[in-house]
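Visitor: Below, each chain spelled out in residue letters.
Protein chains: 2
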Amino acid sequence: MGRIFKERTSVDEALQLFLESFSSLRRTEEVPLETCAGRVLAESVISGRDVPHYRRAAMDGYAVRASDTSGASPANPVFLQLSDCVEEGTSMWVHTGAALPEGADAVVMVEDTVTAGNMVEIRAQVHPGRNVGQAGEDIKKEDLVFEEGHLLRPCDAAVLASLGLKRAKVFRKPVVAVIPTGDELVSREKAGEVPPVGMVLETNGLMTALYVEKWGGISRYAGIVPDRPESIKEAIESNLDADMILLSGGTSVGKRDHAPEAVESLGKLLVHGVGVSPGKPVALGVINETPVVCLPGYPVAGLVALYFFVRPGIRKLGSIPEMPEFVLRKQLASKISSKIGYVNFIRVVFEGNKVRPITGKAGVLSSVAKADGYVLVPENIEGYEEGQEVDVFLIE
Amino acid sequence: MGRIFKERTSVDEALQLFLESFSSLRRTEEVPLETCAGRVLAESVISGRDVPHYRRAAMDGYAVRASDTSGASPANPVFLQLSDCVEEGTSMWVHTGAALPEGADAVVMVEDTVTAGNMVEIRAQVHPGRNVGQAGEDIKKEDLVFEEGHLLRPCDAAVLASLGLKRAKVFRKPVVAVIPTGDELVSREKAGEVPPVGMVLETNGLMTALYVEKWGGISRYAGIVPDRPESIKEAIESNLDADMILLSGGTSVGKRDHAPEAVESLGKLLVHGVGVSPGKPVALGVINETPVVCLPGYPVAGLVALYFFVRPGIRKLGSIPEMPEFVLRKQLASKISSKIGYVNFIRVVFEGNKVRPITGKAGVLSSVAKADGYVLVPENIEGYEEGQEVDVFLIE
Numbered sequence: 001m002g003r004i005f006k007e008r009t010s011v012d013e014a015l016q017l018f019l020e021s022f023s024s025l026r027r028t029e030e031v032p033l034e035t036c037a038g039r040v041l042a043e044s045v046i047s048g049r050d051v052p053h054y055r056r057a058a059m060d061g062y063a064v065r066a067s068d069t070s071g072a073s074p075a076n077p078v079f080l081q082l083s084d085c086v087e088e089g090t091s092m093w094v095h096t097g098a099a100l101p102e103g104a105d106a107v108v109m110v111e112d113t114v115t116a117g118n119m120v121e122i123r124a125q126v127h128p129g130r131n132v133g134q135a136g137e138d139i140k141k142e143d144l145v146f147e148e149g150h151l152l153r154p155c156d157a158a159v160l161a162s163l164g165l166k167r168a169k170v171f172r173k174p175v176v177a178v179i180p181t182g183d184e185l186v187s188r189e190k191a192g193e194v195p196p197v198g199m200v201l202e203t204n205g206l207m208t209a210l211y212v213e214k215w216g217g218i219s220r221y222a223g224i225v226p227d228r229p230e231s232i233k234e235a236i237e238s239n240l241d242a243d244m245i246l247l248s249g250g251t252s253v254g255k256r257d258h259a260p261e262a263v264e265s266l267g268k269l270l271v272h273g274v275g276v277s278p279g280k281p282v283a284l285g286v287i288n289e290t291p292v293v294c295l296p297g298y299p300v301a302g303l304v305a306l307y308f309f310v311r312p313g314i315r316k317l318g319s320i321p322e323m324p325e326f327v328l329r330k331q332l333a334s335k336i337s338s339k340i341g342y343v344n345f346i347r348v349v350f351e352g353n354k355v356r357p358i359t360g361k362a363g364v365l366s367s368v369a370k371a372d373g374y375v376l377v378p379e380n381i382e383g384y385e386e387g388q389e390v391d392v393f394l395i396e
Numbered sequence: 001m002g003r004i005f006k007e008r009t010s011v012d013e014a015l016q017l018f019l020e021s022f023s024s025l026r027r028t029e030e031v032p033l034e035t036c037a038g039r040v041l042a043e044s045v046i047s048g049r050d051v052p053h054y055r056r057a058a059m060d061g062y063a064v065r066a067s068d069t070s071g072a073s074p075a076n077p078v079f080l081q082l083s084d085c086v087e088e089g090t091s092m093w094v095h096t097g098a099a100l101p102e103g104a105d106a107v108v109m110v111e112d113t114v115t116a117g118n119m120v121e122i123r124a125q126v127h128p129g130r131n132v133g134q135a136g137e138d139i140k141k142e143d144l145v146f147e148e149g150h151l152l153r154p155c156d157a158a159v160l161a162s163l164g165l166k167r168a169k170v171f172r173k174p175v176v177a178v179i180p181t182g183d184e185l186v187s188r189e190k191a192g193e194v195p196p197v198g199m200v201l202e203t204n205g206l207m208t209a210l211y212v213e214k215w216g217g218i219s220r221y222a223g224i225v226p227d228r229p230e231s232i233k234e235a236i237e238s239n240l241d242a243d244m245i246l247l248s249g250g251t252s253v254g255k256r257d258h259a260p261e262a263v264e265s266l267g268k269l270l271v272h273g274v275g276v277s278p279g280k281p282v283a284l285g286v287i288n289e290t291p292v293v294c295l296p297g298y299p300v301a302g303l304v305a306l307y308f309f310v311r312p313g314i315r316k317l318g319s320i321p322e323m324p325e326f327v328l329r330k331q332l333a334s335k336i337s338s339k340i341g342y343v344n345f346i347r348v349v350f351e352g353n354k355v356r357p358i359t360g361k362a363g364v365l366s367s368v369a370k371a372d373g374y375v376l377v378p379e380n381i382e383g384y385e386e387g388q389e390v391d392v393f394l395i396e
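Residue numbers (this note's numbering), protein chains in the order written: chain X, 1 to 396; chain B, 1 to 396.
Some clues are possibly wrong.
Since copy identity is lost for identical chains, a pair holds within one copy or between any two.
To be verified - With a straight-line Cα cutoff of 27 Å, these simulated BS3-like cross-link-like pairs (lysine-lysine) come out:
| hint | residue 1 | residue 2 |
| --- | --- | --- |
| 1 | Lys370 | Lys141 |
| 2 | Lys255 | Lys233 |
| 3 | Lys166 | Lys370 |
| 4 | Lys169 | Lys255 |
| 5 | Lys335 | Lys214 |
| 6 | Lys214 | Lys255 |
No lab work stands behind these hints, which were simulated from the structure alone.
Hey, can you work out the whole structure from these sequences and the hints?
Guide: See the structure below:
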């Protein structure tokens, strides 16, 4: 006992200290376009081809020399001979996307024509280039198509495919070790039986691993570690090949809380105690350039630490670009009281067009299961009144 | 020739006709909790246990009989004997989460105590239940934890795990056949060589398959089918075991457009021609209760049809709940002109705090690759002025 939080760091400062303490991985791999969606390009893509690579008809109709249609109108049509090539006085059927025949420089759309025998009646004048897609109109050879760091969407995969590519060079996903700690934890392999009194099933590690995967990492579940300093140190050391280490539990200042100390003994403890509620006991550190987050064992506090620190950490490691945050503006169905000096993470449920705060203990995971989203109350605000409009973030 | 669109149906009416023409699948499967995130619960979950299943300490401190602390304060402490059980006059150390000893009914937090030898000085009065989590405080046995149809998030997986479950019963993902059609298409297996003049690499099928997967379906790529009515009918028939069929290309009213007719000959063509630009040629039908979408071959028009019809279709098939739409409010950096009578799908790029419309041809996929999002201009509006605030949807 007698231990205290190293300090209470503000969320913003803690995040900055954390993100500055390690670098993006920038390790790359090639993936088939069939699995590239959601990955981040590790190189700029310059087109090696014109797309399309030929001049094409943009409409179904007749390829012509534009000069042959001079003055044509429904009242004064021009007659051209149907042919299998285009030269003065002849015309040739083309469908949308077909190559434009050599001598042609325009297409008269089928709606402006009437065919009779081997003649076609042209009822509209067209200018050179009319209804023609030039070679390279979509993408020119040597065009910069995507910059490095672009997050690939399905439509982008199609663009890469149109360049003749089969694979994309992307940043590797960071490997994140998930280490649940606690003498009270029982492996979920024994989920069938109710654990002995005083013991609980390990569930934070599962939640953590699934968020890691959702946010673009590869999770590696390391198995339960008891609340002994040496065991925790060993578990950390045997996972230093990972790109990030997450310890769950043992991060407060009680007799059995050894995680922050273990980090400090092996590397640098940057922060212990953050101005967020729930989530105060979170600790952040770095060991040999590997970022470490000690997640509080209380499930909601752990969730807050995941959102506030692990998600940005994975983004930085994997060079995943920041996306606009999904925020809804909603009225509060009842007031929120908040602790000054802490960013308060308030779970809310949708209720018609409004949101209602959930009052429940930080330890109670079911309150998250009931929540649709959360509202953040800044450090310097005591809360929000009923009816006030607030930003609501979805719980993914 | 001479064929015309069956009609031009409004987007809303077309979607309603389409969604009414088939049912949700409601086929179920069991998946391990490790892979349940993003899946939809196919049954309500009733807890078979109390969580926690025992009374536990909510703080590190001393378990006591609350009546023993009556009147205790820093000036007037009460002294209790340290023991390995709790009865009148004795007290026992407990850490957060530990089972509360039998005789105890409260916990005095460690900060309000001082130990000396085998005595503990209690400096605060506690009421029965203070710092105690009752059995079932998180979830009670028989509680309804999730309703059928709930979309499982990582935090929900942890809740299911805390109930002692290892698997979740979820709705199966719909299988969606993707059939690219077109004489001009070259398989992407030959991506290394520039295709002959007049031929293009098949890329719409790749885009379609990746969106299907993103939106919760399983895509089945069926290979390229030529522009012949019999070939298209055969391809449809051999994919009627799928839950949805997507034909790409051949959906307009040209000589080589046979997809809608093929649908009509095998089942019911509900809609051909929708009031959306680009995307007008989209056709919607149903064959033996299997929904069919004919996607325009122009990539952007195809993308619009994917967003407007395929995404809601997959949601209905897979019983995937509607989520709040991710919308940003942004000012226009320049005006948008729009075609009356059509919902106009305008691609936009972020430009500081504003969005700028991209002017580009519907056929040009690279304009989507450049776009961050899109703005929809309703049928009855001619456009928006520069500086006007508009809703912006992200292109996923």
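Visitor: Go through the numbered hints given earlier and state which of them the structure violates, listing their numbers in rising order.
Guide: 4, 5 and 6
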